[in-house]
Amino acid sequence: MRVVIADDAPLVREGVARLLADNGVEVVDQMGDADALLRSVRDLHPDVALVDIRMPPTHTDEGLQAAREIRSSFPSTAVLVLSQHLEADYALQLVEAKPEGVGYLLKERVGRVEQLLDAVRRVSAGECVIDRAVVDDLLARRRRVDPLEELTPREREILALMAEGRSNQGICRTLWLSPKTVETHIRGAFAKLGIREAAEDNRRVLAVLAYLKR
Amino acid sequence: MASGAVTALPTRDAHRDPVLLLPLAVAAGLAVGWLGVHERIAGTRIAADLALSWALIGASLVVLERPRWRRARWLLAATPFALLGADLEWASSHALWTLGFLLEGLWAAFLVQLVVTFPEGRPWSRPARVAVVAAYMLTLGGQLVGVLVAPDTRDMLSVTSSPSLADAIDRAQATAGACLAVGVLFLALQRVRVLGLPARRAQGPLLVGTAITALADLVWLGWVIGTRARVPTLENTTRAVAMTIPVGIVIGIGWSRLRRPQTSELVVELRSEVVATMRERLARALGDPTLDVAYRLTHGRYVDADGRPIELPQQADRAVTAVSVRGEEIAALIHDPALLDEPALVESVRATAALVIENERLAAEVRSQLAEVRASRGRIVAAGDAERRRIERNLHDGAQQRLVTLSVALGLEAARADRAAADVLARAQDEVEQAIGELRELARGIHPTLLRDEGLTSAVEALARRAPLPVTVESSVQGRLPDQIELAAYFVVSEALTNVVKHASATDASVLLEREPTTLRVTVTDDGVGGARITSESGLAGLRDRLEALDATLSIDSEAGRGTNVSTVFPCGS
Chain A
1 MRVVIADDAP LVREGVARLL ADNGVEVVDQ MGDADALLRS VRDLHPDVAL
51 VDIRMPPTHT DEGLQAAREI RSSFPSTAVL VLSQHLEADY ALQLVEAKPE
101 GVGYLLKERV GRVEQLLDAV RRVSAGECVI DRAVVDDLLA RRRRVDPLEE
151 LTPREREILA LMAEGRSNQG ICRTLWLSPK TVETHIRGAF AKLGIREAAE
201 DNRRVLAVLA YLKR
Chain B
1001 MASGAVTALP TRDAHRDPVL LLPLAVAAGL AVGWLGVHER IAGTRIAADL
1051 ALSWALIGAS LVVLERPRWR RARWLLAATP FALLGADLEW ASSHALWTLG
1101 FLLEGLWAAF LVQLVVTFPE GRPWSRPARV AVVAAYMLTL GGQLVGVLVA
1151 PDTRDMLSVT SSPSLADAID RAQATAGACL AVGVLFLALQ RVRVLGLPAR
1201 RAQGPLLVGT AITALADLVW LGWVIGTRAR VPTLENTTRA VAMTIPVGIV
1251 IGIGWSRLRR PQTSELVVEL RSEVVATMRE RLARALGDPT LDVAYRLTHG
1301 RYVDADGRPI ELPQQADRAV TAVSVRGEEI AALIHDPALL DEPALVESVR
1351 ATAALVIENE RLAAEVRSQL AEVRASRGRI VAAGDAERRR IERNLHDGAQ
1401 QRLVTLSVAL GLEAARADRA AADVLARAQD EVEQAIGELR ELARGIHPTL
1451 LRDEGLTSAV EALARRAPLP VTVESSVQGR LPDQIELAAY FVVSEALTNV
1501 VKHASATDAS VLLEREPTTL RVTVTDDGVG GARITSESGL AGLRDRLEAL
1551 DATLSIDSEA GRGTNVSTVF PCGS
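One line per chain: the protein sequences are A and B, in this order. Using my numbering, read the first sequence as starting at 1 and increasing by one per residue. Using my numbering, read the second sequence as starting at 1001 and increasing by one per residue.
You may find that some hints are simply not true.
Some chain A residues close to chain B (C-beta under 7 Å, calculated; not the full set) [stated by the list, open to error]:
{"hint": "1", "residue": "Gly15"}
{"hint": "2", "residue": "Leu19"}
{"hint": "3", "residue": "Gln84"}
{"hint": "4", "residue": "Leu86"}
{"hint": "5", "residue": "Asp89"}
{"hint": "6", "residue": "Glu108"}
{"hint": "7", "residue": "Val110"}
{"hint": "8", "residue": "Arg141"}
{"hint": "9", "residue": "Arg142"}
{"hint": "10", "residue": "Arg144"}
Since the hints were made in silico from the structure, they are not lab data. All C-beta atoms, glycine included, are put in the ideal place defined by N, C-alpha and C.
Please build the complete structure, drawing on both the sequences and the hints.
Written out as structure tokens, the structure reads:
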């Protein structure tokens, strides 16, 4: 797998590159700003671009804009945005146009090599990745009338995994359950929440996130 | 800067008054009368000429009271002599006849100049200047050509006596004269339109007279062109109608004098509570709706009644009169220059108003200082916000970035560490993640990134999601608001929700963001125990400077047992 890394902090950038290289991921380029990133993606066609959300010149959301640009102009390159912000709004903004091959991961996850690799692999496989902490934040919201309270612990767990962007297969693997059991739980949860089931896993992410953010 | 623009009131100058002209005019009139009778000229014609002449002389005497109208005064005084000079054509003496012929239309040219340069002696506009030149060319020039061919035995300058040529010149003159009359008519009508109210009062009657005279001339000249005959009755009528010009001037002066209130009325007017502002009272007293009052502050700056700084005008179409108390200038009246023609009126207003103005000036000074304090508070809050942003950025791009670097390093080490070391490294990794999380919370409290990037509604919704009780958010805010308002509104919601959590024992709360054309209303309501007040320790009290800098008002409705409603209104244009 070939990846490029865009982050304006050279130490972070190089550390991540080494972590990935040590685990068999080929890092083909590194850069410190969005323009260089777009050039690199255009010329090198990497499988995945790891993009810091804050980059020069304004240090606001250059990374998000670059990610959207890459997804629309170079669809063969998946994007994983690394963000300091634990805010569902940014994550949704990133995935809502096309929840495929794109991910929103909190920056501190880069120290957990297995989580980072998992996210890189999933976006490169076309999945959508939402950081667990963002999902937990949404699930923790207090509601006046809260249908989430009707869910069984299992259904709640599966709902969270769906919100993270996991496929049925991914959920099966994570929870050691049979596909059939998982499907039953999903139907049960959706029925209680009144969410209509979407055929596609990635569309399902949007439906769940939109429900939770409401 | 300003003092140069302030004109002192013109004093009444009595030098070179044309009073001396009075006996001269009477004598000239008597001479013309004798000449007319001697040459058996019709009495009506003599009467018309004498009436017009003496009306003009009379007007020139009345105009004496307007020092700025000096040039108009001399034109008024000169016109009758041109008119009586033309009557020399009645004389049998060849020399007098020729002189009379040459002067025949000069009086009309004088009148044209008088009206289109009235009152200050400068032509109103470029077309007015053209009209003056045309009038002189038409009359003096026309007669100079005409005298060469006039079919009259008394003509001393005759080159050839050609009745047909003389007739042609006559007709050309009459046609051009008719055009000129139309031009003057238009100039007068246009002038009425552009004049300010005080000037219109003083000059309106003259302009009406001018229009009537121009129309009468058109009729007479039309008759001359059409019939080639000079009908004495028509000619006499035209001259009689021209009296509306001097009469108009006199009426104008009388009219603006009638408008002049007595000092006692002025006092009543100036102290009246009916019209609210000093500016309006002075405007009414002086009959100039465009009048402005500029209060002079101690360091020589001028401000309006609300304390807003104003510049004194430098252009010629505005006049500035200083108002002083004990030799110290306290204010300047900015007004229509036509008021300079009524020095006595302005002077009495100035004297009567000085004390009231002094009070107003002190009030204006206080308002101006208040405005400065408010502006300075605004700057302090803005500087504080900029500082908050800087700290937030430093936290994200400095400390947090270093912690991420540390986290990556720990990850790299963990991969090749033995089991025991890996455990320690994993704990260290946990600590780092926690530190990053705490730093994130801290940065969000200092300056929320989401507010900056996505605006008020998104940021308030995020606040509501994190609250430990159900909070519903309704918002009609679309697009972005000014930074300071967004930040203040966000902090109000944040502090109000903090209070709800701490004190209200509420089961739920709601936030309402209402965008109206000129305001933003932020309401936070809960269903808790009520009885809340803003104490000095409350977070809302800490927002006071921020809210006052924005002119926002915060109110709390919190009856015991009925929940609490915190409502803040921000003035906020579209």
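Going down the list of hints, with the structure as the test:
{"no.": "1", "hint": "Gly15", "in the structure": "3 Å, holds"}
{"no.": "2", "hint": "Leu19", "in the structure": "6 Å, holds"}
{"no.": "3", "hint": "Gln84", "in the structure": "5 Å, holds"}
{"no.": "4", "hint": "Leu86", "in the structure": "6 Å, holds"}
{"no.": "5", "hint": "Asp89", "in the structure": "5 Å, holds"}
{"no.": "6", "hint": "Glu108", "in the structure": "5 Å, holds"}
{"no.": "7", "hint": "Val110", "in the structure": "5 Å, holds"}
{"no.": "8", "hint": "Arg141", "in the structure": "5 Å, holds"}
{"no.": "9", "hint": "Arg142", "in the structure": "4 Å, holds"}
{"no.": "10", "hint": "Arg144", "in the structure": "4 Å, holds"}
The structure agrees with every numbered hint stated previously.
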